[in-house]
Amino acid sequence: MTEFVRHSTTTSETDVTPTSSSASTPRAVRGAVLLALATVALSACASNAAQDTWQPAGPDAQKIHNLQWPIFLIAGIVGVIVFAAVMFCVVRFKDRGQPIPEQSHGKTWLEIIFIIIPAVMLAAIAVPTVATVMALNKTDDADCIINVTGNQWWWEFDYPVDANGMICGYMPAGEAAPIVTSGQVVIPVDATVVIRGTSRDVIHSFWIPKLNGKRDMVPGRVHTWRLEASQAGLFAGQCAEFCGLSHANMRMEVAALQPDDFQTWLDNQLEPYAAPAEGTLAATGEQTFIAQCARCHQIDGLTDTEGELVISSPEQFVYSGAAPNLTNFATRNTFAGASWDLLNEDCRQDVWDASPEEFGEKYLAGVTVDCLNEIDLKEWLRDAPAKKPMYTDPALLDDTNGMTRGMPNLELSEDQINELVAYLLERK
Amino acid sequence: MALIERTQTPAFVPATPSSSYGVFRRPVETTGWKSWAFTIDHKKLGIMYGVAAFVFFLIGGLEALMIRAQLAGPEGTVLSADVYNQMFTMHATTMVFLFVMPMVAAFANYMVPLQIGARDVAFPRINAFGFWCFLFGGIFINTSWILGGAADGGWFMYAPNSSVPFSPTNGIDFWGMGLQITGIASLTGAINLIVTIINMRAPGMTLMKMPIFTWMTLVVQFLLLFAIPVITVALFLLMFQRVFDASFFSVEMGADPLLWQHLFWIFGHPEVYILVLPSFGIVSEVLPVFSKKPLFGYPLVVFSGAAIGFVGWGVWAHHMFASGLGPISVAVFAVSTMAIAIPTGVKIVNWVMTMWGGKLRFTVAMMFAIGLIVQFTIGGLSGVTHSVAPSDTQQTDTYYIVAHFHYVIFGGAVLGLFAGFYYWWPKIFGKMLSERIGMWNFWMMIVGMNLTFGPMHIIGLQGQPRRMYQHTTARNGDGFFNITFWNAVSSVGSLVLGIGVLIFVWNIYHSHRKHGPAPLDPWDARSLEWMTTSPPKEHNFDVIPTVGHLDEFFHRKYEDRGTGDHHDFVQVATAEEIMAEQEANAEQHIHLPSPSYWPILLALGLPIMTYGVIFSFWLIAVGGLVVLLSMFGWALEPHTATAADYDPPPATGTELEVVSHD
Amino acid sequence: MFTTGSKLLIGSALASAVFAAVYGITQGGTLGTIGLVSAAVGLGLLAAINAFVRDANVSAMDHEAFANAAGAQATARRSLWPLLMGLGVTTVTLGLVTTRAFFMVGMIAIFASAVEWMIQGWSEKASADPAYNARARDVMVDPVELPVAAAAGAGVVVYSFSRIMLGLPTKTSTVMAFAAAAILVLAVAAFVGYRKVSKPTLTGAFSIVAVALVAGGSFAGLNGERETHAHETAVDLAAEGNCGAEETEADEHASQTVAAQSNVVAEVLFDGSSLHADVVGFDGDFTELTLARSNPSNLIFRNESSGHARLVLELHPDEEAEEPGPEQVCTALVEPGGAQLMTVRLGRSSLALTAGGGENYALVVPGSDASLEVIVP
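Protein chains in written order, with this note's numbering: chain Z, 1 to 428; chain X, 429 to 1090; chain D, 1091 to 1467.
For reference, chain Z alone in the conformation it holds in the complex:
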């Protein structure tokens, strides 16, 4: 092969790449990147976000938080080191006509160090990780057990009675019976609550970020998960596993109450059914309820005109075979899968912003006539599927034997709606 002397630059560089000029053209863009990065780094995040995973309010979430912030910190530091190394290379080793570098594949000792460093760091992370996994899965120290059942697209909570006749570790004043509620789960503060969760249809995931991480609720399986609050208040959650059409509208809240308040709540839930006074709007509403709603929705103790107990049979109308129990409807602050508030804007803020000391009293007040969020509730009763996407169109129900998934439009008249609202407001 013949030899020859080369110019210092190769043909390719002169031909093709006016590197310096091309790199300088979008300098404005590069500035924008730095500005954007700086903005992300320096700006404050949302304050007071209802589902903030970085604001633990219970010992379980706190354990997770204690584990995650150092790891975020370490990850951040490693990131900065890598970026600095890249920036250094970019600035320092730019082609300024230096000779061709050594064609070496590197040094073995250097590479071994680069393996050992991350290995050691990860080993250090692994130990507390495993310890926390075990701690979060503990169930044998439970003070209170609550059954949680996911449905398309709402949560049902039921409080079983234990062998001693106690519910959630509390002895009810009257006769003990299972309490069934939905949307909002009430727990005592500083108690170790263990939920036993499952699902009636598809997989859902139970997640109250400020109290603990997620746990999927899988049909056919029962999963336990700890739920502990160290202060009284409301804690928001959201179904976190994609569960079909209205996944976005499947929410839940935890109301943590001081022990006394919890006892009050418990006794109130078990109070016998109080029929509305005769001649009132609510009394008409009771009959409307029996005619229209009681097919699916249970109100414990409700009797028809002949004195027979009215027992719902959602298994004939709803594919998941269940509908929310409305016995103590007006003690909750939400409805329709906790997607809408029963309280109007002012009252809602009042409860949510209440200090831990005042919270119990405000929560136990329930929904009053003055506080009622009439607009959303009436819209829901007028045409539920229009407000929340659900499968109620008869054309889509061939595969479910005509059973709906969600609440159909009952085509109630305005009068009926007013009666029902009056009736439901008394359910507390």
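To be clear, the hints were calculated from the coordinates, so they are not data collected in a lab.
Quantities reported herein were computed from a predicted structural model and do not represent experimental measurements.
Treat the hints with care, as some may be off.
Stated by the list, open to error - Below, in silico cross-link-like pairs of lysine-lysine (PhoX-like), each with a Cα-Cα straight-line distance of 20 Å or less:
hint, chain 1, residue 1, chain 2, residue 2
1, Z, K387, Z, K428
2, X, K472, X, K462
3, X, K472, X, K859
4, X, K637, Z, K107
5, X, K787, Z, K94
6, Z, K378, Z, K428
Fit chains X and D to the known structure of chain Z by using the hints.
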């Protein structure tokens, strides 16, 4: 009796006809649509893979923009809940199965034979069959949009939400069977490339002298070889559940829905490496070229790639930390997930060390490669934060995960693919892409992706779950920088990102109109694919090179004139001179396989059958007949077209004429 | 090699066939489909004739063409098809007076020989070169002939073999199946070992096997299948109200372990005299069990007593409902130390059962007094 005698024709010589059997003539055209539809040339197939995948990329991008439009503000009403669910399902499906995987196949098909000095892949007709399976499968899935609605169960399609009562439209049937068809493409492609790489390397190219992109391709093909059967099984279970009322996932009959999750993620996690390792290979090619240094720790990069390939099988359950596996499983998978961070970290360190002490030229390809290092590092580190299982129970199924895997897949895989576009464009099309427009393309995409996916970290950590068709002000927090704000930023960012991608399209148009032919070796490259013309001839190399070094091409151009520990590389030849030498010694009688009708026909039969499963069982018979006939036609066809297939037959017979190139 | 005219007709025939298929599937109109199918058949016939006579474009006046015309020189090759067609016609006739099956076979033979005959005829007119003509025929027919022949052959083998297997008694058929497999393996091994087996020997052996198979299949098919005995399952037991203490056939076949079920609602334990439940998430034993309404719930029943036991859930269905459903569900009989899974979905609440004075759900073990109340809130 008179004898009547017919006059004899004088001395008849039977002549073999010059024309052939009409419609059954082999499609030997070298131009026109037939030359593409029936080609089995790995380069043409590579280009078709690339074009089709890019079209799907634009479709998937459009779906992404619709999603961001819906989420730009709280209580968005651009899409209905139903359409939104279809949109995010199809966005993921399109991007994973119809863009990144086939785009990787495009590069692997085009580059691997060139990088190892081969004339084609081992099974050229199967290669063509694979491409058509991918294309028809992709089109089949997307026709669900106009045939009653697309799949709405999310790309992970968790059971039992994927069962008929919970998803009564045909969308999931389209999805499952379409992916079966594209799975055939991946599986046949994997076998083909493994055989090619193991058996068809140029003389002298030992495994440890093999270009790193080919190495990563080899690892990925093995991953595919073992992962695709798993998803195939899962998809069959799904199909039987939906079409034939089987009860694999029917809980009321005692089934456990977690079966699907295990099957899906045993496929799904290696899939992540299937998406990202080829891009690692591409930047491991690009960085040394533009640093003018060999890849730092080449053996270690190879071994870490292989290690990722192995350990990648032992981490699937980290997608299921919240599924309720039990603490022991969770702990084991958390630790194995941390372990896989080590070989991944090795790669990043090696890339940085490759640049260290180099002679860096900041071409667009190099910028994309550096962009990958930075962006993928972010994705990798956020990945470490969810290997910590307890903190993952807070992060999983939130936008934090969305941010994480977009930094991994967009910041890793896609930026690497764009580095590959700019680096290999002159090789493939013989034209340079504009560096000036390319810089705009790069920076718009980087700004766009960080604006889009960066805020998702915040959105997710502040509690917004994924896959919600609306987010609500009630849960978005207070202050100016609340979740509503960051969602809006993300939506604006997605527009910027979209414009960035369109700039690339403009760059292609502009460059092909304005630019002359590209030089032979525009980047002063290092590996074999540059030792031929751009675009390469049909037979790739005039002379199959004999390989003595890793980075063979570089070592032919440069010689070490130093003594002892002192190295001093001096250029001794140009690419043109090496090319001229090859052409002078060109091999005669190069044998190439002939084009065929059967691969495309066979692939066409498959979607006809799957339409049949959905709409009419008679169509299955039609499709089955097409498949059966094509299989026999294929099997009975000679490898090489006979002279009769050429009309008129070429003077030189069926062997390809080797012309000298100027 | 096709002439212009035949290309046109072939194309039209194919187009009509495709249109017929498309129209038939999308529109579903019978009349239109029949019309289009008829057009396809008619055009196909015309195309065949036209292809056969090559547009009749060898002019009798053209002396040179006459001399060189393929028809003038080609020697017809030997052909099996006239024979087959003759057989077909005979069989059809036979079928008309005896059974439908002969008729069908004859029609198929006529159709197949007609197609093959036509194509052979066509190919022999292709050129004066017999080798080229033979190749033309193969290219045309092989992709159709081979899959059809293979499918038909495989069908005959599978059908005959299955008839034989279904005709024999269970135990004999098992022996026969394994023997057939063994002979096959041995034969292949022998063939691989001694490659010198002559072609006629091999053909003869195959022919004997084929004839034996077809003959055996026909005989067995005419004789009918053996009587098969259906096993009962635990589901059948419940449907027949057979959840007693005695052992049934279903129990005999039941597995005594539970695989791959974790996180069930509860384990129900039987100690010989009483039932109690070990409920996930709770400490201690329960003497009543709460199951969520309408929820598919998995229970594992463990028999810790010394005798056999079966878990039965009394459902007390609504007598007034249109389909009251079964009275009870039960597991198979469980050996001492064994376990069984029970999956139940209770749609009605306990209140619905007890409100009218009825009995609540209860888990019981037949043959003992053990009982565990099931509460469905």
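Which hint numbers doesn't this structure obey? Hint check: 1 fails alone, others pass.
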